[in-house]
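Q: Given chain A's structure and the hints, the job is docking chains B and C onto it.
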Amino acid sequence: MEDFAYIIDTFFTLFAMVLIILMVPGFAMLEAGLVRTKNVSTVLTVNIMIYVVASMAFLLLGYDIAFGSWENDSMSKWAAFLFQMAFVGKAINIMSGGVSERVKVIPLSIFTVLMGAFIYPLIVNITWGANLLKDTFLELSMYDLAGSTVIHSTGGWALLAAIMIMGPRYKRYVKGKIRVIPASNIPLVVLGAMLLWIGWFGFNGGSVGSISTKENADLVAKTIMNTNTAGLAGAIIASLMMLWKYKKLDITMILNGALGGLVAITAGPDLYDMYTPILIGAIGGALVVFAVPFFDKLRLDDPVGALSVHLVNGIWGTLAVGIFASNGDDITFWGQLKGVLVVGVIAFVLSYIAIYAINKVVAFRATDDDQQQGLDFEECGLESYPEFVRN
Amino acid sequence: MEDFAYIIDTFFTLFAMVLIILMVPGFAMLEAGLVRTKNVSTVLTVNIMIYVVASMAFLLLGYDIAFGSWENDSMSKWAAFLFQMAFVGKAINIMSGGVSERVKVIPLSIFTVLMGAFIYPLIVNITWGANLLKDTFLELSMYDLAGSTVIHSTGGWALLAAIMIMGPRYKRYVKGKIRVIPASNIPLVVLGAMLLWIGWFGFNGGSVGSISTKENADLVAKTIMNTNTAGLAGAIIASLMMLWKYKKLDITMILNGALGGLVAITAGPDLYDMYTPILIGAIGGALVVFAVPFFDKLRLDDPVGALSVHLVNGIWGTLAVGIFASNGDDITFWGQLKGVLVVGVIAFVLSYIAIYAINKVVAFRATDDDQQQGLDFEECGLESYPEFVRN
Amino acid sequence: MEDFAYIIDTFFTLFAMVLIILMVPGFAMLEAGLVRTKNVSTVLTVNIMIYVVASMAFLLLGYDIAFGSWENDSMSKWAAFLFQMAFVGKAINIMSGGVSERVKVIPLSIFTVLMGAFIYPLIVNITWGANLLKDTFLELSMYDLAGSTVIHSTGGWALLAAIMIMGPRYKRYVKGKIRVIPASNIPLVVLGAMLLWIGWFGFNGGSVGSISTKENADLVAKTIMNTNTAGLAGAIIASLMMLWKYKKLDITMILNGALGGLVAITAGPDLYDMYTPILIGAIGGALVVFAVPFFDKLRLDDPVGALSVHLVNGIWGTLAVGIFASNGDDITFWGQLKGVLVVGVIAFVLSYIAIYAINKVVAFRATDDDQQQGLDFEECGLESYPEFVRN
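Chains as they are written, first to last, in the working numbering: chain A, 122 to 512; chain B, 122 to 512; chain C, 122 to 512.
Isolated chain A, as found in the complex (with noise of 0.2 Å):
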């Protein structure tokens, strides 16, 4: 019987995997599509060299950092490191797709073996791991199973982070007015949200950890279809929104409103009754659609609406937790909010300092005379659609 709950969520553990690698291709995809083509190819590299850098620097360094030992007796302690480390990416990339169509990749690199091997690592630590910070006041009780602050805030504070430093793209912002830079490639888009929401069942469905009883069993299930739920409210009410004022429906902001509602769930979707999620995710889709024109205001350019996404609903899902779950024992509206802000605090410092100093050795920021040129052509050497005639 035990053999039985060994193997099962072994196995269930690694479809889980499985399932969030997609979101590699499923990053990669939707950021191709929403960058303009002389970029196209940085930014595939940026995501391929996060998965494979901060994967290798999270199995040499990070999960030792995060969880102080590879023991498991629960399931396959091989199994347990490729979940763990299907997540790390993820992260990072929040915050690569927030710089787009600027961020080198040389010293991206650098960043990514920090935050794979210590950044990351940390947060998770004193959150889901070996806990540093037991027994001291800054002890967290935050419930957050799958990441909104985890994983989504963290990625958001190192990109707010990014943006501060090196600023927006070249000729983005120009005497006061707001350019629009259409995306490129709609299908690509469109590809890659819904690689990414497959890529969520495995995220939040494989972070209840267990499937081997009635009642764990259930509760997966219940977690997915919560998930799912979030992310449907997210993308209708992105869509009436966008109808009522454009009278259009722009599929991308749609489908960030999908990813907003996805991300708001993250926290519990285990948690709530089926109803929930619907008001979780519609909250969830509503703010990326108000998020994306602020964050233009405030001139932090933000390529793909990462911040909108992530941050914001980030925050927003693990309050979310705090309102309509909380049991005024160990779940409360302030060990959540503490949660949020002592990751954020620490996200957003640490990952500020590894920019800060390694912005002074390599710069992060392409030229204006690359940036114009698109930055395949110097970081790649090649070029996306060599064959295709341009505008």
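Quick caveat, the hints were computed from the structure, so don't treat them as lab data.
No false leads were mixed into what you were given.
It does not matter which identical chain is used: a pair holds within one copy or between any two.
Taking lysine to any residue and the SDA-like style, the derived pairs with C-alpha atoms no more than 25 Å apart in a straight line are:
(1) K335 <-> F125
(2) K292 <-> L503
(3) K366 <-> I299
(4) K292 <-> V413
(5) K198 <-> K335
(6) K292 <-> V510
(7) K366 <-> E504
(8) K418 <-> L503
A: Relative to chain A, chains B and C alone:
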């Protein structure tokens, strides 16, 4: 032991559901590749809209109408719901694909609500579900494992109603001639078709309903094998016919042949030996090759061949069960035919009424001007490939 | 308890099989992205043709030749078949990819029948299967878990034979110079490579053959982890070499480095500790970077780098087992080398004879005129991207 079945079947159903959700990007990529670039974003928006609206409608209303209850003893009720939810949008996808390049998103969204909340659930009710027709002379005995009739013909009948009401695309049939409109992006067509193919393993395999006994494990594996075999045969026969008729291997027709075979096997992949699916799939593929020009002759304009793939083969596949797997008792040819007819009448009539009524309030059909300009401009306010110079 | 193993292993094998089938769109997208737009549809047609023809040939003839019997006590015989069937096309994909942009579909289809029905099954027979060579001096003791030799080298040898018979693409080598022909669609390359990577988890993980004991669950998870690690290392080393040699990060070479690492680990991912795959994968990635210009110097024209990825690393990976996992008993360096040589001779000679003979009847190579015009026109009768203006 009972817990074992509950856990494994929950896990297996979630696995199958994930495969089916891959059909969302599958249909989206297939259709985005088949239409002209000026309509690509609209088609993509429609596909995402269908997933989110139909799923939400099914969650809030449809599932109750179809099954009468959420209770389930053999697996997690949430998993059982998710699996059924994954089906809903498919029938509507079939319909929307066939009216691509002229259908507007808002009236289609209203139809999606009606279809996801009422029409499709009603058809599930009388076939797989609570069985409203029980003990009446209309009670069905049709065997339809995974929906040759329930999904594919239903979608096909709805499409026929839509085409009859909306008419062909602007300038598709001019002065008695059929204008050939080539697919705009063949890699997307192939990607989409292969995601559909893979999704079918979950569709049909998951419809066995359980993998938790030796017999059921065999049945699931055989179902997936036979599903695949019919797809192989459909593609091979379509290739040979294309070579014989045109000396060219039109990959879009080959893939439609494969999909035709997959639709045809869907009613009974668990019932056949390993060779019969070759015959059923080959006939399915051949039917597609004959049906595509046939519908064009009838001036039923269907840019993706959905009538040929889904309606014709949904009927053929359901009747094939009566021919190759009749046991003279609960499975008979006449029982299958009755199912085809009853479901066909209900699906066609209700869809016709719904589309006709909506059409009186909000026109389904984009104006000729909007079609000429491309639907993306008016519906989505963006271009799908804004940087590429087009012919 | 016995039923438990049967059920779980059937389910697990179906899961692995689905991942491998993702390699069909994986190879298709990778190759469609690497070739010129005028040959994209032909390459896609070839990939779909290989899946349908090879699988059907294996079902009707090959599986019997390879294994002698369909019986299986440890899991559903249909699942066991499906898993093996998912492998067949891969060896032929490797071969077809390397003769892209000049190979014609019909002769390749004939070769696919021979390969799927006879040549590949024969190689499986003497390695994983019924073992025709048993008790002869040629009997093999090679350890090759998931096919570094059986799949990858076999495909590579067939490719070498094909290139020798067909020659290079028109105007690829002109007046002693190598003309660089850039990839036409980089996002498709990345998507395809990542689908292959994910498919590899099923390929290698599923090849363990069982997950139904604690030991096997560990072994499966470790196999997937080591597989992934080798891919990471291959990509990292290829990146560093590209930076060092050209100061540019050519994403197509980085991905080929990853694939080289994945091929190299495939012979023994279950045998190593968690660090050895870093070395094996890094050497694999480095071999690709060296081998690509080397084969060009030999005037062996291989548009996708398949010789470097699959042949070179198939050999390296098989020998690596003899170096790093030799136990002096059933696994030895000489046993591995003997396997490489015997399979190599059989695969090369039989492929050479088959291609040579077919080539006498139907020329494999498209005429120079057809190559100049693009194969899509003659072979498929359509354009892959008809609306985009091309250079």
